[in-house]
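*Asks:* Residue-level listing of the chains:
Number of protein chains: 4
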Amino acid sequence: MEAIREGDRILFITERGKRYLIEVRRGRRFHSSEGYIDLDDVIGLPYGARIQTNTGSTWVAAKPLILDEVLNFPRITQIVYPKDLGYVILVSGVRCGSRVVEGGTGAGVLTTMLAYHVAPAGRVYSYDVEEDHLENAAKQLEKVGLREFVELKRGDLTKSIDESDVDAVILDIPTPWLAVANAKKALRDGGVLVSLSPTIEQVIETVEALRDEGFADIACVEILLRNLRVRRGMTRPEHLMHAHTVYIVTARKAYKLDEVAADETFKA
Amino acid sequence: MEAIREGDRILFITERGKRYLIEVRRGRRFHSSEGYIDLDDVIGLPYGARIQTNTGSTWVAAKPLILDEVLNFPRITQIVYPKDLGYVILVSGVRCGSRVVEGGTGAGVLTTMLAYHVAPAGRVYSYDVEEDHLENAAKQLEKVGLREFVELKRGDLTKSIDESDVDAVILDIPTPWLAVANAKKALRDGGVLVSLSPTIEQVIETVEALRDEGFADIACVEILLRNLRVRRGMTRPEHLMHAHTVYIVTARKAYKLDEVAADETFKA
Amino acid sequence: MEAIREGDRILFITERGKRYLIEVRRGRRFHSSEGYIDLDDVIGLPYGARIQTNTGSTWVAAKPLILDEVLNFPRITQIVYPKDLGYVILVSGVRCGSRVVEGGTGAGVLTTMLAYHVAPAGRVYSYDVEEDHLENAAKQLEKVGLREFVELKRGDLTKSIDESDVDAVILDIPTPWLAVANAKKALRDGGVLVSLSPTIEQVIETVEALRDEGFADIACVEILLRNLRVRRGMTRPEHLMHAHTVYIVTARKAYKLDEVAADETFKA
Amino acid sequence: MEAIREGDRILFITERGKRYLIEVRRGRRFHSSEGYIDLDDVIGLPYGARIQTNTGSTWVAAKPLILDEVLNFPRITQIVYPKDLGYVILVSGVRCGSRVVEGGTGAGVLTTMLAYHVAPAGRVYSYDVEEDHLENAAKQLEKVGLREFVELKRGDLTKSIDESDVDAVILDIPTPWLAVANAKKALRDGGVLVSLSPTIEQVIETVEALRDEGFADIACVEILLRNLRVRRGMTRPEHLMHAHTVYIVTARKAYKLDEVAADETFKA
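Residue numbers (my numbering), protein chains in the order written: chain A, -3 to 264; chain B, -3 to 264; chain C, -3 to 264; chain D, -3 to 264.
Chain A with its partners taken away, still in its complex shape (with noise of 0.2 Å):
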């Protein structure tokens, strides 16, 4: 059993399922339209327990997962949604002790799920050109301790890329495509290229850029989620969905037909 403690983080799931995710402070009580709970009385109790409000409203104290987490960041930019970061995490293959190129930064979302998993073994170099998003950013990597596995840089990934040998670069910036030359070579042999936009017209640029510097396996997907309503007798899909999102291009690093016998550096 792992009791809540004063310090803490958790997500109070309501009735009507709201979801608040907090702190636990002595002393405080949290209020809502669903009623209040003093938080003295959450302390001591184990991740998961219920609980009522004053009005008799139960709900979940929940361990926040790292997606409640990010799901809860300041939107401060077009954030990137669950659909799309399990496919982002999948085919970027980024796991513990990856290292992976990423811009822009932005909101921080798909930054802050990046270092979850390269963690504590790898590294994420997240670029961003506004200075405020790098600053928001290094506030809610503190907050959720992944900090110290992300170096915030104030970059423009289409004007440059510092690293090497990079096992992945995560583009989520306005024009990838200008990105493409500098990704292939901050990319390791046999890296990952994954890039988001919401607009085809960018899609169709970054796809024939990629197609231009030599990509292999280029492709292009969207994925829809649909969320279903089950109770028995009762059970239907939700009435709205997310329509779109991005589109995500996928590639990998390969080298045209006469690329590698022309490179003095390739001789193995």
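Where hints are given, some of them may not hold.
[Claimed, not checked] When the alpha-carbon atoms are kept at most 30 Å apart in a straight line, the in silico DSSO-like pairs for lysine-lysine are as follows:
no.: 1; chain 1: B; residue 1: 252; chain 2: A; residue 2: 14
no.: 2; chain 1: A; residue 1: 149; chain 2: A; residue 2: 139
no.: 3; chain 1: B; residue 1: 14; chain 2: A; residue 2: 252
no.: 4; chain 1: C; residue 1: 252; chain 2: C; residue 2: 155
no.: 5; chain 1: C; residue 1: 252; chain 2: D; residue 2: 252
no.: 6; chain 1: A; residue 1: 181; chain 2: B; residue 2: 14
no.: 7; chain 1: B; residue 1: 181; chain 2: A; residue 2: 14
no.: 8; chain 1: D; residue 1: 14; chain 2: C; residue 2: 14
no.: 9; chain 1: C; residue 1: 181; chain 2: D; residue 2: 14
no.: 10; chain 1: D; residue 1: 181; chain 2: C; residue 2: 252
no.: 11; chain 1: A; residue 1: 135; chain 2: A; residue 2: 149
[Claimed, not checked] Facing chain B, from chain D, some residues (calculated, C-beta under 7 Å):
no.: 12; residue: 1
no.: 13; residue: 194
no.: 14; residue: 196
no.: 15; residue: 222
no.: 16; residue: 234
no.: 17; residue: 236
Simulated from the structure, these hints should not be mistaken for laboratory data.
Yeah, the Cβ is synthetic: ideal placement off N, Cα and C, and Gly gets one too.
Given chain A's structure and the hints, the job is docking chains B, C and D onto it.
*Replies:* Showing chains B, C and D alone in chain A's frame:
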């Protein structure tokens, strides 16, 4: 630069888009309908090099990703597809160090992806009732170098789960609802249950069982992945797609309202 | 050219994409958040003319299609959406001259579309148990000039259907499976049954009832419609879409193996 | 009851779900991999009767719907699919009495569905540049009894459209944007243009052309249809679906702001 060496596993991606995952052996010639390649010619090339068959078809000698490997496993059972794999990894929160119970092992695809993500500090406990599934999984895990992170167990999660305090339980069995109570006992506070089922009736039973056991944040999604064929002036989605693989049910371990008070072991 | 005249119904489509379906009256001024238009200025313009409000917003004075009309009906019940309406018309084979039984009338949207397609030679028999649904439908049908093609009937298709030899029976009721036997009796040989249901449990009951009654070619589909926002350089799907409205079950009247021989009335 | 007679067209739906659309001829035997049926035995049965082959497979002798007929046409070009056909009928507002220009005729599937809906009072003007498309369409229309409602014309909508004051123009041609100006001239005030295109680049060109010509209410959708396999205890969506056929662009004829005033012919 990373050169291809004898004994390496490589993925040939042919000009027409076929994929061959092979081991590089000196003196061998790899034949296909697009011509042959002498594997001696591949040794020493960097991963990602392009090379031509005797008939002039240009192939890429790629470094296999873990996803290439699992999609190449013998399909002795229905496998879990990439669109679903990524989501499972994401929502389960599985990463380096996680301890995960999984069943059934089936073709070992999900087992291997879980192993890839928990390594090197975590562990997967994978159950199956079929001895030959376990043997096959052992062989596949060995091949991709992840055998040591998985404990393959002959057993049935609907009967019992040996482990406790695990971070996640992943169910891919015909009657997941019968394993819900066991999963609750096995999970740590804050742990996550994920269940994959092809039919809606399985989903309904499982969700109702999760409600009965007090699980929180119960959700069910289905994920659709659509490929786009991107080429300037000719861009469109592919004609066919997978309309359905599995529904994904997710839930967090939680306690019923009186469960905590009733249980002496819950004293912090 | 067809000029707008007093008494006509017109659809204003505003610069921001709002829609106002109104009747043109002399001396009236139509006010909106995008300014006002004097309806006298509209009279004599051709349908499709663009006109500016006093604040310079450019609107189109469009001729309402039947679809504009039905989407503007009071939504006294859940309506049938365009994506589903088109499919129902198609698979039912309903057209000029068809005789169709429908229930429930609900908000009258499907009733009106059916009337539009069976006119002037056919007839819709629309049942509802709620008197106010029938009254509302009568009013809406009157407004769009299709009242004469619809017989509105207080009744319950699960109890009985007065008509026989009809071309199609369209069910949009909570317990369609209870109306299947009546529908079979009402349908002509070769007739089609279409049933719309929001939940999967309703679908399962209905399909099993159709099997029991010997219906053939039983199918169930769901239709997803995605809007694209098309603008050169910025093209992408819309962010949100309807994930679910109803499942559409279709079947053809057929006889069980021994049913024909057993029934004397089947002698040709 | 409607008995099957010699010379009728019937649709056999076999036990395994195969479909055979044939003409009933005395003395003929219809052979299949599920056994044979003597057509003499079918004559006199009601439509919808079940009958067994010599090997005991139970078939239904169904009355073909127009949809069965068109899906059975020779696929000499890419056809329009049911999911899209229904939507085109709906949004075009085509029904009894409508006058519709269509091009290209292609395999005649959409032509026939339009004819089915405009009959008996309306007319379809179907253009194609290929003589053999027109000949094939003539044959198919003859077969299903709708020949008289269609004027098949050798011609190219991007060059000119002979008709005027038509209710709808339906484009299914490679360069629909080049036909937009002609379509505007051909349409009556309030008329509707629908354009079907497989690629997104075609859509972008077409939508921009529609904007340039002053069309209103321009929209683009794609329709996804998913089949469910419904059987108590085993219900799930089918595994495969069409991910893409065509994008459907719709618009209404409208005038640019100064177009009405500038044109003397617009005087009411």
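*Asks:* Given residue 222 of chain D was flagged as interface, is its beta-carbon under 7 Å from a beta-carbon of chain B?
*Replies:* 5 Å, holds
*Asks:* Could you grab the alpha-carbon distance between residue 181 of chain B and residue 14 of chain A and see if it respects the 30 Å cut-off?
*Replies:* 27 Å, holds
*Asks:* For residue 252 of chain C and residue 155 of chain C, compute the direct alpha-carbon distance and say whether it is at most 30 Å.
*Replies:* 23 Å, holds
*Asks:* Below or equal to 30 Å on CA atoms is what counts here, so check residue 14 of chain B against residue 252 of chain A.
*Replies:* Measuring from Cα to Cα gives roughly 18 Å; hence the hint holds.
*Asks:* With 7 Å as the cut and Cβ atoms as the points, is residue 196 of chain D at the interface with chain B?
*Replies:* Since the shortest Cβ distance to chain B is 5 Å, the answer is holds.
*Asks:* Minimum Cβ distance from residue 194 of chain D to chain B below 7 Å?
*Replies:* Check passed: Cβ of residue 194 of chain D comes within 5 Å of chain B, closer than 7 Å.
*Asks:* Going straight from one Cα to the other, do residue 181 of chain D and residue 252 of chain C come out at no more than 30 Å?
*Replies:* With a Cα-Cα distance of about 55 Å, the restraint between residue 181 of chain D and residue 252 of chain C is violated, given a limit of 30 Å.
*Asks:* Run the distance test for residue 135 of chain A versus residue 149 of chain A: straight-line Cα separation, threshold 30 Å.
*Replies:* 14 Å, holds
*Asks:* Holds or violated: residue 149 of chain A and residue 139 of chain A, Cα atoms, limit 30 Å.
*Replies:* 19 Å, holds
*Asks:* Using Cβ atoms only, decide whether residue 234 of chain D comes closer than 7 Å to chain B, and label the hint accordingly.
*Replies:* 5 Å, holds
*Asks:* Please work out if residue 252 of chain C and residue 252 of chain D have their alpha carbons no farther apart than 30 Å.
*Replies:* 61 Å, violated
*Asks:* Compare the distance between the alpha carbons of residue 14 of chain D and residue 14 of chain C with 30 Å, and conclude whether the hinted pair is satisfied.
*Replies:* Not satisfied, since the Cα-Cα distance of roughly 48 Å exceeds 30 Å.
Going through the hint list in order, the structure does not satisfy hints 5, 8, 10 and 12.
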